[in-house]
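Peer 1: Chain residues, written in single-letter form:
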Amino acid sequence: MAEAGRLSLHVPEPEVRPGDTPDFSHVPIPRAGSVERPPVDVDPREIRDLAYSIIRVLNRDGEAVGPWAGTLSDEELLEGLRHMMTLRTFDARMLMAQRQGKTSFYMQHMGEEAVSCAFRKALEPGDMNFPTYRQAGLLIAGGYPMVDMMNQIYSNEADPLKGRQLPIMYSARDHGFFSISGNLGTQFIQAVGWAMASAIKNDTRIAAGWIGDGSTAESDFHAALVFASTYRAPVVLNIVNNQWAISTFQGIARGGSGTFAARGLGFGLPALRVDGNDYLAVHSVAKWAIERARRNLGPTLIEYVTYRVGAHSTSDDPSAYRPKTESDAWPLGDPVIRLKNHLIVRGVWSEERHKQAEAEILDEVITAQKQAEQHGTLHSGGKPSTRDMFEGVYATMPPHLRRQRQQAGV
Amino acid sequence: MAEAGRLSLHVPEPEVRPGDTPDFSHVPIPRAGSVERPPVDVDPREIRDLAYSIIRVLNRDGEAVGPWAGTLSDEELLEGLRHMMTLRTFDARMLMAQRQGKTSFYMQHMGEEAVSCAFRKALEPGDMNFPTYRQAGLLIAGGYPMVDMMNQIYSNEADPLKGRQLPIMYSARDHGFFSISGNLGTQFIQAVGWAMASAIKNDTRIAAGWIGDGSTAESDFHAALVFASTYRAPVVLNIVNNQWAISTFQGIARGGSGTFAARGLGFGLPALRVDGNDYLAVHSVAKWAIERARRNLGPTLIEYVTYRVGAHSTSDDPSAYRPKTESDAWPLGDPVIRLKNHLIVRGVWSEERHKQAEAEILDEVITAQKQAEQHGTLHSGGKPSTRDMFEGVYATMPPHLRRQRQQAGV
Amino acid sequence: MPRMTMIEAIRSAMDVAMGRDENVVVFGEDVGYFGGVFRCTAGLQQKYGKSRCFDTPINESGIVGAAIGMAAYGLRPCIEVQFADYVYPAYDQIVSEAARLRYRSNGQFTCPIVIRMPTGGGIFGGQTHSQSPEALFTHVAGLKVVVPSNPYDAKGLLIAAIEDPDPVIFLEPKRLYNGPFDGHYERPVTSWAKHPLSETPEGHYTVPLGRAEVRREGSAVTVLAYGTMVYVAQAAAEDTGVDAEVIDLRTLLPLDLDTIVASVGKTGRCVVVHEATLTSGFGAELAALVQEHCFYNLEAPVMRVTGWDTPYPHAQEWDYFPGPKRVGEALVQVMEA
Amino acid sequence: MPRMTMIEAIRSAMDVAMGRDENVVVFGEDVGYFGGVFRCTAGLQQKYGKSRCFDTPINESGIVGAAIGMAAYGLRPCIEVQFADYVYPAYDQIVSEAARLRYRSNGQFTCPIVIRMPTGGGIFGGQTHSQSPEALFTHVAGLKVVVPSNPYDAKGLLIAAIEDPDPVIFLEPKRLYNGPFDGHYERPVTSWAKHPLSETPEGHYTVPLGRAEVRREGSAVTVLAYGTMVYVAQAAAEDTGVDAEVIDLRTLLPLDLDTIVASVGKTGRCVVVHEATLTSGFGAELAALVQEHCFYNLEAPVMRVTGWDTPYPHAQEWDYFPGPKRVGEALVQVMEA
Ligand SMILES: Cc1ncc(C[n+]2csc(CCOP(=O)(O)OP(=O)(O)O)c2C)c(N)n1
Ligand SMILES: Cc1ncc(C[n+]2csc(CCOP(=O)(O)OP(=O)(O)O)c2C)c(N)n1
Ligand SMILES: [Mg+2]
Ligand SMILES: [Mg+2]
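The listed protein sequences derive, respectively, from chains A, B, C and D.
Just so you know, we're using our numbering here: the first sequence kicks off at 1463 and counts up by one.
Just so you know, we're using our numbering here: the second sequence kicks off at 1463 and counts up by one.
Just so you know, we're using our numbering here: the third sequence kicks off at 5 and counts up by one.
Just so you know, we're using our numbering here: the fourth sequence kicks off at 5 and counts up by one.
Excised from the complex, chain A in its bound form:
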C-alpha cells in the first residue's frame, strides 16, 4: 500500500481464482416475477431501475411467473427446448471434430443457449442480426441447415463462404444473419446503420446488434449508442454478459458501473437486464424491445446475465484463471434444464421424452455431420479452390489481381 496521502492504482480482481471456492452469494438475484413490465412506449427515464435488476420468469419450482411470463405456447416452448438441445449437441460434436483435426478452431455456447435461441423467435422475417461468434442459436432456431454450418466450419468444397473465413464466422443473409467479423464491437454500430437505413426507407424491418460483456469496452460500442440514441434507430442492442472475456472477468470492462445495462442510461435509452438462462424471460424481453423498435419508438439496450460454462474457444483453457467448479456455483442454473423442468411442470414433457429427444437430436447432428464430411474437412477431401481465394475481393477482378492469379497458376 501507498503511504497516507499518496495515490495508488486500483485494479479490479474477481473474488475467486483457481484454488478458491466459488461464491456468487454477493450477486443479487431478484425473485422471478418480481420486476414490473412497463408499456413499450414508456419514457425511458421512468424505468432506470430496470438496468439494475434482473427480469426473471422461471422460478425455482419451474413455474413461469410475473408480468414478463409471456404468451409462448407449449409447441413454441417445446421447439425452443429442441433448439437449445440441438445447439448444445452441435457444439459437442464440433468441439470433438476440432480435436480430431477436422477443423482449426471452434467456439461453443454452453450455458448461453437460451439467449440466441429465444431471441431469434421474437424476430420477424426480414429482420437482421449482427451477431458475434457466440450466437449460433440464431441460425439453429432460424432453421438454417446445420450441414451448411458444418460445411463452413470444415472449410470444405461446399462451404458457403468458400473457405475464406475462420470456422464459425458464418454469414447467412437470407436467415437474417450478418457476416460475423472477428473484430470485436465493429458490428454493433453497423447494426445501428442497418436500422437507420430501414428507417430512411420507411421499411418495417428492424436490426439487432450483439456484443459481449468484455467487448462493451470497445469504442464502437460507444459509436453505436451515440448513433442509436441520436437517430432513434429501430435496433435492439444486446449485451451478452457471460461473466468472462477470455481470461478477464467482467469487472475489468464494467469498472465502477453497477451493470452493463446501466451504460444505456447516459444515452436516455431504455436499459433492461434479463436472466439470460431463462428462455421465457429472454423471449419476453426481446419481444418487448423488438416491438418498441418496430413501432419507431427507438432503440433498447438489453443485458443478458448468463455464464460462459465452457472455454472461450478451442485455444483456451479456463482452469488457468478461474475455479473449475465456478460454473456449478453459477446461481442462474442451466438454460436447458430450466426449460425442461418448466415443460415437465407444464405437463407437456418428461425425463423420458427428454432422453429420447437427446438421442434423436444426436442422430440428426451426426447425420448432418456425415453429410458435411462427404464434402471434405479442413485437411482432407474436397476443398475450396485457389481460384476462390482470388475471387470476390471486388465485384469485378481488377487487372493486378488477375495478374496475380495467373502467377499463382490458377
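It should be emphasised that the hints constitute simulated quantities derived from the structure, not laboratory data.
Computed from a predicted model, the values in this text were never measured in an experiment.
Glycine included, C-beta positions come from ideal geometry on N, C-alpha and C.
Heads up, a few of these hints could be off.
So, partial list: chain C residues that the calculated Cβ filter (under 7 Å) puts toward chain A [claimed, not checked]: (1) 61; (2) 66; (3) 72; (4) 73; (5) 76; (6) 79; (7) 100; (8) 101; (9) 109; (10) 145; (11) 169; (12) 258; (13) 265; (14) 269; (15) 297.
Could you slot chains B, C and D with the ligands onto chain A? The hints should help.
Peer 2: Same frame as chain A, but now just chains B, C and D with the ligands:
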C-alpha cells in the same frame, strides 16, 4: 412522414435557425444556491440527480449563494476577473492579427473564459491538463507568458514549438499543459493514462482531461470513461458544453440523453453539471472533483454549461447556421460581467476600476504582442528554420532523415 | 458547358447521384444543414430532405460503421470525413469491415460506400489539416482509391465511385478546390474559370475508375502524379524545359499500369511525385512497379519527389511541400543520370 | 547459455526491463493474471505486482491512449495488442498521437512506448489472426518498426525497444513463437531447442535497433526478408541451390540501408519477400530503395514475393502464404533474367 406502421428516421434539429428568434426558455435553469453539495467521498449512486441539474453560485443580484459558494478571497476573485479579461483581450488581438495575415488561424474563447480560468486556480503545481484548443485560460491563469503564446501563434523564430504546430496548439509542460492535439477526443484517454501513471508511482499529482460537447461522441471519450472507471484513476474529466460543435448543435452529440454529464452515470462516476459562466461555481466544483481525485477516491465527470459566443474558428461564420442574436439570448449571461458585478456587490470593484483594468490589460497584451512581433510573424521576419522541420521526429535523427535533410540542402 | 470549381463539381456529382438513385444518402460532420465546412454538400439537405442528407455526431468510426450497415441493407452511402487527417479513428471499420465484407461473406453482403475526404497540404493547415494518407488505403485489398485533379474528373469519378459496387476512398485535394495550384505559392493563383477542365456537364456522366490520363505529352521522362502534384509536375516541366510526359493517375487502386508502362517504355525515365511522406508512400509502389515492368527500358533509376519523412509542419510548409523547384531539380537530375 | 523459445525470450526481455527500471509497466488484454493468450507475460504480475502488470478492458485505442499518457508522465509502457489484426482501433492514437508527440511539443513530451503484437500467418488463423500490417507503420514518421526472427534477437531487440526514447512497433511473428518455421508446412516442425539462435542470455543485453543481419551469405542474389520469411528464404535457397544471400532486416524503420546496398552491390540481384499483401507492402519501399541506390549494379528487376492482394484466407492458407516454393521460383527466375 411515413405511412402508419412504417419506420422513419429521426434527425434532431435545433429549435432555431437563422431568421428565427432565439428562445432558451425551455432550458431549465435552477436557482443559484439550490443544488446540494455532497461530501467528496459520497457514493456516486447517491448523487445521480446532480447530472441533471446545474450547480450555480452567483444569483441575478450578483451575490454568491448556497453550499457551493466556496471560499475564494477578494484577491483571488479579482485575480480571476483579471485572467478572464486578459484572455478576452488576448483573443481580440489575436483575431485581429489573423485578419491582418500575421498568422494562419485562430480560435477564441468568448463566453467560455470562466471555465478554464477558474479550473486552473483549483489545481496544484505538478498537476497536468490535457486541454483542447479552447482552454487557453489554463495558461493565462497559470502565469504562462503571453508572449510565448503569441510566438507560437506567429510561428516565429521564438516559437517554443519551432513552427511545427498550427497556431494555438500550445504545449507547456512546466505549466501543467499537455501538447494540444488537433484530433478530437484522443487526449481524454491520455489524461486517464497520465493519472494512472501517477497512481502507479504513488505520486500525489492528478490529471485533468478536457473535451467539447461535440467531441464526447468520439470513441476515445468512451475509452477514457472505461479506463477511468475501472482503475479509479485520479483524474477530473471535463466536458465543455458550449452548445455548438462547429455548425452542429449539441443535440446531435447528446441524442436522447438528458445531459452530457449523464454519460458518466453508466460508469458509476460522480457526474456534476455546473454553470460554466459562473467563475465561483466552476472553481468550487473543480475543487471538489480535484480533492476527490487527490484523495484517491477516483474520477469525476463535470459538464460545464456554457455558450460559444464567437465563431468556431477564423475559418467559420456562424451566421450561416444559427441566429446572430442567439448568444444575447443565452440565459447564463457573460462570465466576465457576472464576476464583475459580484465584485462590485462585494464592494471591492467598480465600473471605473473595471474600465481602468481593461485599459491596463489592453496595454499589457499590446506590449506582449509587440515583443512577439519582434521575433517575426508567419509571413515576415524571423522564422523557424528548415532544419527545425527535420529535427525532433526522433530523439536521434535516423540515417534516412539525415539523407533527406541533406537533399533539402540544410 | 458550365464551368465549375472542384467544390461545385463534387456537389453536382452528389446531386446527380441522389437525384437518380433514392438509395444514395449523404452524411458526415457538419454536412447536413450547413453543407460541409468546404460547402461540398450545400443545398443537398434542402433538396433531398433530412433523411437523405444529415449531420452526424463527431465519431468517424461511427460514420463509417453506420454506412457499412446501411450499405449491407442496400443503400449507397456517400459520406464525408471532414479532413483526411481525421480518418484514422475509422481505419478499423474501413480496413477490417468495409474492405472485406464482400469477400468474407462470399458476396452475400456488399459495401458500396464512398468515403470522401479533403486531402493534402498547401493551406497552412498544420499537421492535422494537410496529410495525404492514400498509401494507407492502397495497401488494403478490397478498397479502391481515387484522387481527382480537376472539376470534370472530380464529378465523373465521384459518380462512378458512388455507382461502384465496392468501397471507394475518394480523396479530394483541398488545395485544388478553388483553382488549379501549381505550387508556385508566391505567384497569384488562377481560378478554375480559366482552366479547360472546369467545363463540367450539369447532368450524369462518369469517368471510369482505374484509368489514368496523360496531361502533358513528352518524350524525355515520365512523371507519375495525382491530385495537386499534377499541376506542380506540369509547372516543373515548363520551368525546366524538360520534355516531361505528365500522367495523372486519377485512380491509385486499381492502377492503370498499362498507361504507365507505355509511357516509360517510350521515355525510359520516370519521376514519381506525391505530397505524402516518402517512406512506404504510394510512390514506393509506383517505383517498384515501374522497375519491375520497365527494367530493360530504364536509363536511370526511378526517382521519388515527396513530402519529407516528418509530420507535416506549419511554418515550414513550403519547405515541406514538393513544389515545382524540387520536382524540376529531379527532372534535370534524372535526365543527367 | 540457456536456450529459450521466442515466447520465453520475449518474456525474459520484459522481466529484465521491469527488474532494472521501475518505470517499465506492462499491460493489455489478458496480459495480467493469465499472462497473455500466448503466455508472453506469464508470471510478470506475480513478480512485479498488479500496478505494473495488469489486465485491461478490450479497447485497443484505450490501451495505447493510456500508454501515451503514462509515457508523457515518465513511465515506459510496454503494451500488448492481442493480435496485430486488432491494432486498427488504436491506429489513430499511434499515428496522430504517439508518433508525433515529441515533434509537435518540441521535445517537451515524449512517448517511449513499445507496442507488441503477434503478427503473420501460418497458423490457420483466418483473416483476423494472420495479418502483417507493418507497412501501415513504416509510412508513419516518428515510429520505429521492429520484427525479430529468433529468440536471441527478440530479447535483445525488445529490451532495446523498451529503452528507446521513441515509440516502437514490435511485431512478433507468431509462427516462430515455438520454433523456426521455414514454410515447409508438410514436414515436421523443428523446435527452438535445436537452433543456435535460441541461445539467449538470462540477463540484460540489447540488439541495437536499425541494424540488419546477414543470415546466409551468398553471391548470386540478395534476399531481403524479416520474421518468418527469413527461414522461408533460407529454405528456398537450399531447395533451389541458388547461392542467395539472405538478409534479416530486423528493423524496418529505421532501415539498415547500408547492409542492403552492400549486398546488392555484390550480387546484382534482389528478391524481396514478405507475408503482407503485395500492393503498397513494405516490399514496395525496399524495391524502390534498391533500384534507387543500386540501379547501375542491378542485372534484373527487383522481384517481390508476397501475400496476394486478397484478405487472408482460411482454407487456402498455403496457397496464400509465400512459401519456399514460390520464393524458390523467384530465385530461379531472377537468376535467369
Ligand atoms: C478488436 C479485437 N480485440 C481483441 C480481440 C481478441 N478477442 C477475441 S474474443 C475476446 C474476448 C471477448 O469477450 P466478450 O466480449 O465478453 O465475449 P465472449 O467471448 O465472452 O462471448 C478477445 C479479447 C478481437 N477479436 N478483436
Ligand atoms: C477526429 C477529428 N474529427 C473532426 C475534427 C474537425 N473538428 C474540429 S473542431 C470540431 C468541432 C468540435 O466541437 P466541440 O467538441 O463541441 O468543441 P468546441 O469547438 O465547441 O469547443 C470538429 C468537428 C477534428 N479536429 N478531429
Ligand atoms: Mg464475455
Ligand atoms: Mg462545443
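Peer 1: All hints, please: hold or fail.
Peer 2: Right, here's what the structure says about each hint:
A cut of 7 Å between beta carbons decides the hint on residue 61/C: the least distance to chain A is about 5 Å, and the hint holds. This hint holds: residue 66/C has a C-beta 3 Å from the nearest C-beta of chain A, less than the 7 Å allowed. Because the closest C-beta pair between residue 72/C and chain A is about 5 Å apart, less than 7 Å, the hint holds. Given hint, residue 73/C at the interface with chain A, holds; its Cβ is 3 Å from that chain's nearest Cβ, closer than 7 Å.
With 7 Å as the threshold, the beta carbon of residue 76/C comes within range of chain A, its nearest partner Cβ sitting at about 6 Å, so the hint holds. For residue 79/C, the suggested interface contact is upheld, since its CB lies about 5 Å from the closest CB of chain A, less than 7 Å. Of the supplied interface hints, the one on residue 100/C holds, with its beta-carbon coming within about 5 Å of a beta-carbon of chain A, less than 7 Å. Of the supplied interface hints, the one on residue 101/C holds, with its beta-carbon coming within about 5 Å of a beta-carbon of chain A, less than 7 Å.
Checking residue 109/C against chain A: minimum C-beta separation of about 4 Å stays under 7 Å; hint holds. For the restraint placing residue 145/C at the interface with chain A, the shortest Cβ-Cβ distance is roughly 5 Å, inside the 7 Å limit, so the hint holds. For the restraint placing residue 169/C at the interface with chain A, the shortest Cβ-Cβ distance is roughly 4 Å, inside the 7 Å limit, so the hint holds. Given the 7 Å rule on beta carbons, the hint for residue 258/C holds: about 4 Å separates it from the nearest Cβ of chain A.
The closest approach between the C-beta of residue 265/C and any C-beta of chain A is roughly 11 Å, which is over the 7 Å cut-off, so the hint fails. The interface hint given for residue 269/C is violated, since its Cβ lies 17 Å from the closest Cβ of chain A, which is over the 7 Å cut-off. For residue 297/C, the shortest C-beta to C-beta distance to chain A is roughly 10 Å, which exceeds 7 Å, and the interface hint is violated.
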